[in-house]
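**Q** Sequence:
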Amino acid sequence: MESIMQGNGKGRLLTTLSLMVMAVMLLQKHYDSSQLQQQLYQLELELETTQRQLQRLQTLNNVAGKVR
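Using the numbering used here, the letters of the sequence shown correspond one by one to residues 14 to 81.
Simulated from the structure, these hints should not be mistaken for lab results. Keep in mind that this is a model prediction, so the values were computed, not measured. Be careful, since some hints might not be right.
Ranges of calculated distance between the beta carbons of each label pair, as one might list FRET restraints [claimed, not checked]:
(1) THR28 to ASN74: 32 to 42 Å
(2) VAL76 to LYS23: 10 to 20 Å
(3) SER47 to VAL80: 22 to 32 Å
(4) VAL37 to LEU70: 21 to 31 Å
(5) GLN64 to MET38: 20 to 30 Å
(6) VAL37 to LEU67: 30 to 40 Å
(7) GLN55 to LYS79: 12 to 22 Å
From the three backbone atoms N, C-alpha and C, an ideal C-beta is built for every residue, glycine too.
Please take these sequences and the hints and turn them into a complete structure.
**A** So this is what it looks like as structure tokens:
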């Protein structure tokens, strides 16, 4: 997940979200619904963490821009 934070954060975040959705769709073929619910919950937690990291990086970037 850390690699998403490099480069264009929003673009990479959207790419990662797309990949997560694709992963869940692929998992539907192999897991029953309870396992899928657990996997989806885990992905949602990871997404929340990634969004917080992106927000922190954007704040740091704004501060760094003002310092320059």
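**Q** Determine for every hint whether it applies to the structure shown.
**A** For each hint, the structure was consulted:
One distance hint, 32 to 42 Å for the beta-carbon pair THR28 and ASN74, is violated here, with the actual separation near 19 Å. Checked against the given bound of 10 to 20 Å, the beta carbons of VAL76 and LYS23, roughly 18 Å apart, stay inside it. Between SER47 and VAL80 the CB atoms are about 50 Å apart, so this pair departs from the stated range of 22 to 32 Å. About 26 Å separates the C-beta atoms of VAL37 and LEU70, a value consistent with the hinted range of 21 to 31 Å.
The hint said 20 to 30 Å for the Cβ distance between GLN64 and MET38, and at roughly 21 Å that hint holds. As the Cβ distance of VAL37 to LEU67 is approximately 21 Å, the hint placing it in 30 to 40 Å is violated. Between GLN55 and LYS79 the beta carbons are some 37 Å apart, a value that contradicts the proposed interval 12 to 22 Å.
In this structure, the earlier hints numbered 1, 3, 6, 7 are contradicted, and the remaining ones agree with it.
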